[in-house]
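Each residue of the sequence shown is one higher than the last, beginning at 823 in the working numbering.
Hints in this document: simulated from the structure, not taken from any laboratory.
Virtual Cβ for every residue (Gly too), placed ideally from N, Cα, C.
There's no promise every hint is true.
To be verified - Cβ pair distances, simulated, as ranges:
id	residue 1	residue 2	range
1	S921	D832	22 to 28 Å
2	R852	A1012	40 to 46 Å
3	S986	P835	32 to 38 Å
4	R854	P1046	34 to 40 Å
5	E1038	A863	35 to 41 Å
6	G840	R895	24 to 30 Å
7	E943	P905	21 to 27 Å
8	S921	L1002	33 to 39 Å
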Amino acid sequence: MSRFVERLHDGPPLVGDGGTGVLVSSAVARLRCPEEANVRAPESVLSLHLNFIRAGADLIETNTFGANRSKLRTQFLENDVKPINEAAVKIARDAREVSGRDVFIAGSIGPLGDFQGESEERGAVFAEQAELLEGRGVDLFLIESFFELGELIAAIEAVRGVSSLPIVALLTFDEDAQTLSGVTATEAAAALASQDVVAIGANHGLGVQAALRAIERMGAADKPLVAMPNVGLASLAGRRIVFPHATPE
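Let the sequences and hints guide you as you build the complete structure.
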């Protein structure tokens, strides 16, 4: 049993990090995508990881959410799949060493976006990224922010085909605990219960309350649950920018 799985079952709840991509894009000018910072501005990514660890994160994610060949191709970075992913893991491991805290490093894998290939080609894209991340030393995979249950399952199966590391699988839900395609959190949990993953849950979406509502309905799957929400959508209240989905009324 891996150290992560032992902690998941026997330790206190794990605290994750925050939105890496948005913060990296804010810190580094003229990036084609947040993941490009791994090779263009590694010190900025390192600083972000360290800030999350100092704030109490027990787990940090590699800056690789969109670092698959399909998405990088749209930014003319498909030849940099290997250096971008490998640099991301090195930076995260450096942050762990510098901080002196033995945090977990999760290899972040996101959806492929507007992918036009066959299912086998799609699986190969996920597998390629997983192999690169494991090769540099991640502790687990965080397959996250998927809007389509079918694509999430395809990603899980592709990653599992090349790695035995623990997988955490996360979908994005709306206020009604449904995906964009109308799959409910209860239905998603039932489908994911048979997958070889160590935890399931919700991330991104419309804030804390939406994520909590979703994972409450995923409890029947008898797997550890994960909530990694953002603050929801911004709106204007007078001259102030507020996030109405971040907290209850």
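These are the hints, each one checked on the structure:
1. Distance hint check for S921 and D832: the Cβ-Cβ separation is about 23 Å, which falls inside the suggested range of 22 to 28 Å.
2. For R852 paired with A1012, a C-beta distance near 45 Å keeps the hint of 40 to 46 Å intact.
3. Between S986 and P835, the C-beta spacing of about 25 Å breaks the proposed range 32 to 38 Å.
4. A beta carbon spacing of about 36 Å between R854 and P1046 agrees with the range 34 to 40 Å that was offered as a hint.
5. With their beta carbons about 40 Å apart, E1038 and A863 fall inside the hinted range of 35 to 41 Å.
6. Under the hint 24 to 30 Å, the C-beta atoms of G840 and R895, about 28 Å apart, fit the expected range.
7. Between E943 and P905 the beta carbon distance is about 22 Å. The supplied range of 21 to 27 Å therefore holds.
8. For S921 and L1002, the Cβ-Cβ distance of about 37 Å falls inside the hinted range of 33 to 39 Å, so the restraint holds.
Hint violations for this structure: number 3 only, all remaining hints satisfied.
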